[in-house]
Amino acid sequence: MHAPWIGEPLAAFEAVESSPLVLEHVTKRFGGVLANDDLSLRVEPGEALGIIGPNGAGKSTLLRLIGGLHVPSAGTITLGATRIDGLRPDVVNRHGIGLANQIPKPFPALSVAENVQVAATSHRRKASPRARVTVDDVLELCQLGTRADARASSLGLLDLKRLELARVLATGARVLLLDEVAAGLVGDELTAAIQLVRSIHRSGRSMIIVEHVQRVIQEIVSRVVVLDWGKLIAEGTPAAVAADERVRDVYLGRRAQREAGSVSSLRPETTAGTANSSALLEVENVCAGYGSLVALDHVELRIGEGEVVSVLGANGAGKSTLAKVVSGHVPARSGRLLWRTREVTELPTYKRARLGIAHSPEGRRIFPDHTVSENLLLGAAHSASRARRTERLEWVLGVFPALRKLAARRAGLLSGGEQQMLAIGRALMAEPSLLICDELSLGLAPTIVDALYDTLVDVRASGIALLLIEQNTSRSLAVSDRAYVLHRGRVTYAGAPEPLLDETFLVQRYFHGEFGGRHEPDETGGRSGVPTGK
Amino acid sequence: MATTALSRAPGSVAPALPLRRRGIAALGALVLAGAACLALGEVGGAGVLSLGTTLFAYVALAQAWNILGGFSGQMSLGVGAFVGTSAYAMALTMTRLGWSWLPGMVAGMVVAGALSALLALPLLRLKGDYFAVGTLAATLALDAWFDNWSFVNKSMGVSVPIQAVPGQTEMYVIGLVVALFAVGSAIVMRWSTFGVRLLAIREDDLAARLLGVNVSGYRLVVMVVSGMLIGLAGGVFALSLVSFVPDGMFAMSWTIEALVMVVIGGMGTVIGPIVGAVAVYYGITTELANFPTLSLFFEGGLLLVIVRFVPGGLWPFVVRSARRSLEWRGPAIRSARATPPPS
Ligand SMILES: Nc1ncnc2c1ncn2[C@@H]1O[C@H](COP(=O)(O)OP(=O)(O)OP(=O)(O)O)[C@@H](O)[C@H]1O
Ligand SMILES: [Mg+2]
Numbered sequence: 001m002h003a004p005w006i007g008e009p010l011a012a013f014e015a016v017e018s019s020p021l022v023l024e025h026v027t028k029r030f031g032g033v034l035a036n037d038d039l040s041l042r043v044e045p046g047e048a049l050g051i052i053g054p055n056g057a058g059k060s061t062l063l064r065l066i067g068g069l070h071v072p073s074a075g076t077i078t079l080g081a082t083r084i085d086g087l088r089p090d091v092v093n094r095h096g097i098g099l100a101n102q103i104p105k106p107f108p109a110l111s112v113a114e115n116v117q118v119a120a121t122s123h124r125r126k127a128s129p130r131a132r133v134t135v136d137d138v139l140e141l142c143q144l145g146t147r148a149d150a151r152a153s154s155l156g157l158l159d160l161k162r163l164e165l166a167r168v169l170a171t172g173a174r175v176l177l178l179d180e181v182a183a184g185l186v187g188d189e190l191t192a193a194i195q196l197v198r199s200i201h202r203s204g205r206s207m208i209i210v211e212h213v214q215r216v217i218q219e220i221v222s223r224v225v226v227l228d229w230g231k232l233i234a235e236g237t238p239a240a241v242a243a244d245e246r247v248r249d250v251y252l253g254r255r256a257q258r259e260a261g262s263v264s265s266l267r268p269e270t271t272a273g274t275a276n277s278s279a280l281l282e283v284e285n286v287c288a289g290y291g292s293l294v295a296l297d298h299v300e301l302r303i304g305e306g307e308v309v310s311v312l313g314a315n316g317a318g319k320s321t322l323a324k325v326v327s328g329h330v331p332a333r334s335g336r337l338l339w340r341t342r343e344v345t346e347l348p349t350y351k352r353a354r355l356g357i358a359h360s361p362e363g364r365r366i367f368p369d370h371t372v373s374e375n376l377l378l379g380a381a382h383s384a385s386r387a388r389r390t391e392r393l394e395w396v397l398g399v400f401p402a403l404r405k406l407a408a409r410r411a412g413l414l415s416g417g418e419q420q421m422l423a424i425g426r427a428l429m430a431e432p433s434l435l436i437c438d439e440l441s442l443g444l445a446p447t448i449v450d451a452l453y454d455t456l457v458d459v460r461a462s463g464i465a466l467l468l469i470e471q472n473t474s475r476s477l478a479v480s481d482r483a484y485v486l487h488r489g490r491v492t493y494a495g496a497p498e499p500l501l502d503e504t505f506l507v508q509r510y511f512h513g514e515f516g517g518r519h520e521p522d523e524t525g526g527r528s529g530v531p532t533g534k
Numbered sequence: 001m002a003t004t005a006l007s008r009a010p011g012s013v014a015p016a017l018p019l020r021r022r023g024i025a026a027l028g029a030l031v032l033a034g035a036a037c038l039a040l041g042e043v044g045g046a047g048v049l050s051l052g053t054t055l056f057a058y059v060a061l062a063q064a065w066n067i068l069g070g071f072s073g074q075m076s077l078g079v080g081a082f083v084g085t086s087a088y089a090m091a092l093t094m095t096r097l098g099w100s101w102l103p104g105m106v107a108g109m110v111v112a113g114a115l116s117a118l119l120a121l122p123l124l125r126l127k128g129d130y131f132a133v134g135t136l137a138a139t140l141a142l143d144a145w146f147d148n149w150s151f152v153n154k155s156m157g158v159s160v161p162i163q164a165v166p167g168q169t170e171m172y173v174i175g176l177v178v179a180l181f182a183v184g185s186a187i188v189m190r191w192s193t194f195g196v197r198l199l200a201i202r203e204d205d206l207a208a209r210l211l212g213v214n215v216s217g218y219r220l221v222v223m224v225v226s227g228m229l230i231g232l233a234g235g236v237f238a239l240s241l242v243s244f245v246p247d248g249m250f251a252m253s254w255t256i257e258a259l260v261m262v263v264i265g266g267m268g269t270v271i272g273p274i275v276g277a278v279a280v281y282y283g284i285t286t287e288l289a290n291f292p293t294l295s296l297f298f299e300g301g302l303l304l305v306i307v308r309f310v311p312g313g314l315w316p317f318v319v320r321s322a323r324r325s326l327e328w329r330g331p332a333i334r335s336a337r338a339t340p341p342p343s
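Chains as they are written, first to last, in my numbering: chain A, 1 to 534; chain B, 1 to 343.
None of these hints come from the bench; they were simulated from the model. Be a bit skeptical, because a hint or two may be false.
Said to hold, decoys possible - Computed from the model, here is a short list of chain A residues facing chain B with C-beta under 10 Å:
id	residue
1	Val71
2	Gly75
3	Val91
4	Arg94
5	Asn101
6	Lys105
7	Val449
8	Leu452
9	Asp454
As the list claims (entries may be wrong) - Below, computed lysine to aspartate or glutamate pairings styled on EDC-like, alpha-carbon distance capped at 20 Å:
id	chain 1	residue 1	chain 2	residue 2
10	B	Lys127	A	Asp369
11	A	Lys105	B	Glu42
12	B	Lys127	A	Asp90
What the hints assert, rightly or not - Stretch-level coverage of chain B by chain A, calculated; a stretch enters the list once three of its residues show a Cβ under 8 Å from a Cβ in chain A:
id	segment
13	194–200
14	211–221
Heads up, the beta-carbon is just placed ideally off N, CA and C, and yes, glycines get one too.
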């Protein structure tokens with residue numbers, strides 16, 4: 001689709017020479033937590049190194065140590081001849097190291113362009129013959145050109161990730177530390193992101209890429225390091241590492257081949273006749289938006305009791321807005337929402353939560369200063385007895401065993417993936433009738449994603465309906481009873497998930513408008529996107 | 001857009017935003033406003049002159065607080081510390097050294113700036129509430145010290161020599177210049193890359209650090225500039241009061257006035273503090289000058305109403321409303337821009 005700059009996008013990025021980045025015996029302890037354990041690494045000038053490993057393995061900690069956000073408990077970090085451990089982050093940046101955070105840290109009240117400008121002008125380098133890229137160039141490269149004047153607080157998670165990358169590029173760093181910048185991207189957007197990173201790499205910049213999206217690792221880096229419990233457990237080419245038994249055990253998982261056809265069998269047979277399950281939630285003709293922007297345009301959607309429904313669509317199609325309209329975070333401008341035939345359009349969020357609508361929002365809105373178990377208990381239903389809460393807590397900790405060890409840790413200190421687990425776990429605590437998961441598998445290690453999808457089967461077996469928003473489409477379609485595709489706020493497909501497993505058909509629905517006029521909702525399957533009138 | 005990359009001189013950082021243009025436009029508007037105020041002083045009588053002088057000093061005070069609190073996010077409760085030191089420095093240089101008001105005022109400004117730099121040493125490490133409490137503590141300590149320092153007549157206070165105080169018209173012009181200077185500083189700060197970085201520090205100082213911004217350096221600069229501007233305003237107050245005591249000059253009420261004005265007008269904007277100073281000082285304090293309790297009551301009431309119903313302050317509210325009524329004509333253009341163009 002649109003990625004006009006692919007080819008030679010970065011004529012503006014002049015070639016640079018970077019120095020080798022060397023880590024020797026680096027250890028980082030947080031109290032009793034050993035996040036990095038005696039790591040020694042060398043990144044050659046112009047090299048792209050990948051780091052993978054389970055959630056909480058210490059990948060982000062390592063990048064933050066290099067970026068100057070933490071000071072190592074032991075060991076040294078040097079860039080060329082300069083020792084950089086213990087230096088302030090702004091000084092480290094001035095040495096040419098730029099860190100793109102896993103959890104974006106935008107300046108919310110500033111516009112997107114201003115965000116980038118902070119980076120572009122934070123320090124003037126001594127006059128050099130190098131041409132610098134402009135803020136506009138960087139925005140275009142990161143596909144943020146159309147959002148330049150928007151406030152950063154209005155961006156969705158994927159755009160925030162782009163902004164994070166854009167800002168680091170604008171600092172002119174020669175060593176880039178990219179922490180999951182491609183998380184949540186699929187298809188052409190992912191291809192575009194990979195192309196961008198590769199062309200930056202070609203300009204001679206060295207980089208360390210932490211990523212759970214395997215395509216990024218496979219297609220960009222030449223060498224991968226695998227961390228587990230802060231230790232280096234494997235190292236080699238992407239192919240060699242992917243074949244490593246230990247890596248498959250702790251990280252990649254055994255289900256290496258997940259063909260679309262084979263996964264659909266995960267779906268229980270019992271749910272074939274969705275038309276006869278009574279309606280749990282009906283979204284009737286709903287419009288919503290922000291300011292003059294229309295995000296949802298006469299959307300119809302229906303979820304039956306205990307049903308699993310996927311909502312697909314390109315970035316910015318309106319999926320998150322739909323989720324927020326259902327949970328009440330964003331008001332519907334017109335249309336109605338029915339919950340078990342009762343109108344809830346005007347009901348405030350907390351009352352909807354009490355009715356049984358739980359929302360695990362994108363970007364993990366956890367309570368950072370509470371501990372993990374406090375976060376979970378806060379998610380429990382208002383009316384639940386203490387015994388019931390504890391029982392529920394046990395169940396959730398069973399779903400996410402990793403959280404058990406972290407129970408007493410402050411949630412704000414968790415790794416990105418751990419926070420994601422916590423957000424989903426907290427939503428599950430409420431024993432909802434409908435669980436809305438926005439970007440379910442974002443930032444989770446493959447093994448955890450496997451485990452999570454396995455649990456979804458349990459979750460739905462316990463009678464909870466699911467509204468899944470997921471970039472990993474084949475995964476979510478496989479467990480769904482029905483699916484919707486949104487394109488620019490309109491429903492372009494409603495029906496059975498199977499037809500969408502066909503890539504070309506899916507793409508056609510994703511970019512509906514560009515392929516001709518407005519279609520009727522698809523005829524296949526049980527057209528249940530149209531309200532049945534029950 | 002893409003052509004700019006080619007046409008730029010090498011080595012330059014091309015500002016992509018029309019920041020400089022907006023800053024220059026704002027400075028132009030400021031000059032015009034200054035001329036208008038000057039003209040108003042010519043035609044207005046004694047009432048306008050004395051009212052204007054104090055109002056200008058308050059504009060400067062509010063703007064100085066706004067630069068520190070609104071732009072860089074450092075909420076100070078220590079306005080009195082700078083008003084007081086400046087006023088004392090001015091009075092002392094004028095009485096003991098026989099200086100005239102202009103060098104006296106500059107001395108006040110410099111001493112207030114120096115005090116800022118000194119306070120910055122311990123305070124820069126503090127953030128949020130701790131910073132606020134730290135500035136408050138510094139003010140209380142200074143007040144107590146001056147109350148007991150015989151060199152400055154303890155709690156008896158000091159005076160500027162009455163014969164050295166300029167006349168009413170001159171005072172009006174002095175106040176106006178100080179106010180223009182403060183607003184001009186705010187404009188230069190806001191509409192420059194410096195200002196963008198300041199706002200970034202306010203929003204997320206860690207992220208700013210990661211992008212190479214020397215956060216402590218910026219904080220220090222803003223503290224000193226703000227302290228100097230408060231010092232200038234303090235000089236105007238000292239000249240209009242002639243004699244004063246520590247409890248008055250190091251009082252908490254300076255902070256409260258500045259804060260209320262900024263919050264009512266619109267924190268973090270350039271125009272807001274001016275609007276707030278006019279609303280609070282002219283609209284309430286002077287109109288209800290004979291009913292001090294009532295005026296306090298109205299001030300508090302207005303603050304409550306603003307915080308509850310117009311949380312950003314009056315000026316941003318006006319801007320939003322104006323924009324909304326303009327937007328009526330162009331929604332099609334806007335939504336077209338918001339969605340990515342098909343290629
Ligand atoms: N400041 C801190 N205090 C205490 N523990 C911390 C702190 N920062 C990180 N941790 C812990 O250190 C471990 C490593 O965290 P890190 O963020 O490096 O993981 P990660 O490999 O990036 O994981 P993910 O893939 O989920 O992003 C985690 O268990 C985390 O909870
Ligand atoms: Mg991480």
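Status of the hints after comparison with the structure:
1. The restraint placing A:Val71 at the interface with chain B is violated, with a minimum CB-CB distance near 14 Å, outside the 10 Å limit.
2. The interface hint given for A:Gly75 is broken, as the beta carbon of that residue sits about 21 Å from the closest beta carbon of chain B, more than 10 Å.
3. For A:Val91, the shortest C-beta to C-beta distance to chain B is roughly 8 Å, which falls under 10 Å, so the interface hint holds.
4. Look at A:Arg94: its Cβ gets to within about 6 Å of chain B, closer than 10 Å, so that hint holds up.
5. Hint on A:Asn101 holds. Least Cβ distance to chain B is approximately 7 Å, under the 10 Å limit.
6. At about 4 Å, the closest approach between the beta carbon of A:Lys105 and any beta carbon in chain B falls short of 10 Å, and the interface hint on this residue holds.
7. For the restraint placing A:Val449 at the interface with chain B, the shortest Cβ-Cβ distance is roughly 29 Å, beyond the 10 Å limit, so the hint is violated.
8. At its closest, the beta carbon of A:Leu452 sits 30 Å from a beta carbon of chain B; the interface hint therefore is violated under the 10 Å criterion.
9. For A:Asp454, the interface hint is violated, since its Cβ never comes within 10 Å of a Cβ in chain B; the closest pair sits about 37 Å apart.
10. About 17 Å separates the Cα atoms of B:Lys127 and A:Asp369, which keeps this hinted pair within 20 Å; it holds.
11. Restraint check for A:Lys105 and B:Glu42: not satisfied, since their Cα atoms lie roughly 52 Å apart, outside the 20 Å limit.
12. A threshold of 20 Å between alpha carbons decides the hint, and for B:Lys127 with A:Asp90 the separation of about 18 Å falls inside it, so the pair holds.
13. A count of 4 residues in the segment 194–200 of chain B with a Cβ less than 8 Å from any Cβ of chain A is obtained; the coverage claim is therefore met, three being the minimum.
14. Counting residues of the segment 211–221 of chain B whose CB falls under 8 Å from any CB of chain A gives 5; the rule of at least 3 is met.
Hint violations for this structure: numbers 1, 2, 7, 8, 9 and 11, all remaining hints satisfied.
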